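A.B. asks: These protein sequence lines map, in sequence, to chains W and P. Mind the numbering: the first sequence is residues 1 to 112 in my numbering, read in order. Mind the numbering: the second sequence is residues 113 to 225 in my numbering, read in order.
Calculated directly from the structure, the hints in this document are not laboratory data. Treat the hints with caution; some may be incorrect.
Not everything, but these chain W residues come out facing chain P in the computed CB check (under 8 Å) [to be verified]: (1) S28; (2) A41; (3) E42; (4) I53; (5) F62; (6) F65; (7) N67; (8) Q98.
In silico lysine-lysine, DSS-like type, Cα no more than 27 Å apart, as pairs [what the hints assert, rightly or not]: (9) P:K134 - P:K153; (10) P:K153 - W:K71; (11) P:K150 - P:K121; (12) W:K68 - W:K99; (13) P:K165 - W:K71; (14) P:K152 - W:K5; (15) W:K54 - W:K99; (16) P:K153 - W:K99; (17) P:K165 - P:K131; (18) P:K150 - P:K130; (19) W:K99 - P:K150; (20) P:K134 - P:K152; (21) P:K121 - W:K71; (22) W:K5 - P:K130; (23) W:K68 - W:K56; (24) W:K5 - W:K54; (25) P:K165 - P:K121; (26) W:K68 - W:K54; (27) P:K131 - P:K152; (28) W:K68 - W:K5; (29) W:K5 - P:K153; (30) W:K68 - P:K134; (31) P:K165 - P:K134; (32) W:K68 - P:K153; (33) W:K5 - W:K56; (34) P:K152 - P:K165; (35) P:K150 - W:K5; (36) W:K56 - W:K99; (37) P:K152 - W:K99.
The structure presented is a predicted model; accordingly, all values stated were derived computationally and were not measured. Every residue gets a Cβ at the ideal spot worked out from N, C-alpha and C, and that includes glycine.
So you can see what is in the structure, the chains are spelled out below.
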Amino acid sequence: DQQVKQNSPSLSVQEGRISILNCDYTNSMFDYFLWYKKYPAEGPTFLISISSIKDKNEDGRFTVFLNKSAKHLSLHIVPSQPGDSAVYFCAASPQGAQKLVFGQGTRLTINP
Amino acid sequence: DTEVTQTPKHLVMGMTNKKSLKCEQHMGHRAMYWYKQKAKKPPELMFVYSYEKLSINESVPSRFSPECPNSSLLNLHLHALQPEDSALYLCASRTSGGYNEQFFGPGTRLTVL
């Protein structure tokens, strides 16, 4: 049972435009949601997180939106840059849990 | 210092070898993790250490043996591995506050021949 789903394996966006990566979850006990970026042969890099008591969190070009009723979160990157080309994983956990539950990842390609 | 470091970066070993992977963090995090990652897959949790004690073992085969000598160091001892164990091995550490953010090291690319 996949509790965190990223239904788009890949996404291609023009440089300078907005990239929107989506993530759905099924476990209503999740309190924390995180996004990671991963380049090939490197460890994932933490990007941004949000708590279930918020619906939006911003950090520079990255904004995460959370819709609890729909059990959906999204990561917006604007403007998209070539260096944003990577695999993006969303992850979730209940408060106090030691584990993160990861989605399968979305490969983002930014085209010049 | 906001970094998790891992050595070696690459490791090639035979099925009869014994080797160790090392991880270090100086962020004062008291939870440390070992993950295994295959290409095009998310990280797969192997072990969690909390306050230097093993708190989670995700039914990992005994040919993988973790060790936490102190709060900054984490080792993964490898013995009699199989070719299918070839993967990127990631170490991570976690803050004790916040939103359960885990910070990953660069990984060790392991190839078992």
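A.B. asks: All the hints need checking, so say for each whether the structure fits it.
C.D. replies: Hints versus structure:
1. S28: violated, 17 Å
2. A41: holds, 6 Å
3. E42: W:E42 check passes; min Cβ-Cβ to chain P is 6 Å, inside 8 Å.
4. I53: violated, 11 Å
5. F62: Since chain P brings no Cβ nearer than about 14 Å to W:F62, farther than 8 Å, the hint is violated.
6. F65: Violated: closest Cβ of chain P sits about 15 Å from W:F65, beyond 8 Å.
7. N67: The hint is violated - W:N67 has no Cβ within 8 Å of chain P, the shortest such distance being about 17 Å.
8. Q98: holds, 5 Å
9. P:K134 - P:K153: holds, 23 Å
10. P:K153 - W:K71: Since the Cα atoms of P:K153 and W:K71 sit roughly 22 Å apart, the hinted pair holds (cutoff 27 Å).
11. P:K150 - P:K121: Holds - the C-alpha atoms of P:K121 and P:K150 are around 16 Å apart, at most 27 Å.
12. W:K68 - W:K99: With a Cα-Cα distance of about 20 Å, the restraint between W:K68 and W:K99 holds, given a limit of 27 Å.
13. P:K165 - W:K71: violated, 34 Å
14. P:K152 - W:K5: holds, 14 Å
15. W:K54 - W:K99: Since the Cα atoms of W:K54 and W:K99 sit roughly 21 Å apart, the hinted pair holds (cutoff 27 Å).
16. P:K153 - W:K99: holds, 17 Å
17. P:K165 - P:K131: With Cα atoms ~22 Å apart, P:K165 and P:K131 stay inside 27 Å; holds.
18. P:K150 - P:K130: holds, 21 Å
19. W:K99 - P:K150: holds, 19 Å
20. P:K134 - P:K152: holds, 24 Å
21. P:K121 - W:K71: Roughly 38 Å between the alpha carbons, so the hint for P:K121 and W:K71 is violated.
22. W:K5 - P:K130: violated, 37 Å
23. W:K68 - W:K56: Measuring from Cα to Cα gives roughly 11 Å; hence the hint holds.
24. W:K5 - W:K54: Roughly 20 Å between the alpha carbons, so the hint for W:K5 and W:K54 holds.
25. P:K165 - P:K121: Judged against 27 Å, a Cα distance of about 26 Å means the pair holds.
26. W:K68 - W:K54: holds, 9 Å
27. P:K131 - P:K152: holds, 26 Å
28. W:K68 - W:K5: Judged against 27 Å, a Cα distance of about 15 Å means the pair holds.
29. W:K5 - P:K153: holds, 13 Å
30. W:K68 - P:K134: Given that 27 Å is the threshold and the Cα spacing comes to 39 Å, the pair is violated.
31. P:K165 - P:K134: Roughly 17 Å separates the two Cα atoms, so the pair holds.
32. W:K68 - P:K153: holds, 26 Å
33. W:K5 - W:K56: Distance ~20 Å between W:K5 and W:K56 Cα, so the pair holds.
34. P:K152 - P:K165: violated, 31 Å
35. P:K150 - W:K5: Status holds; Cα separation ~18 Å.
36. W:K56 - W:K99: Roughly 23 Å separates the two Cα atoms, so the pair holds.
37. P:K152 - W:K99: At roughly 20 Å apart (the allowed maximum being 27 Å), W:K99 and P:K152 satisfy the hint.
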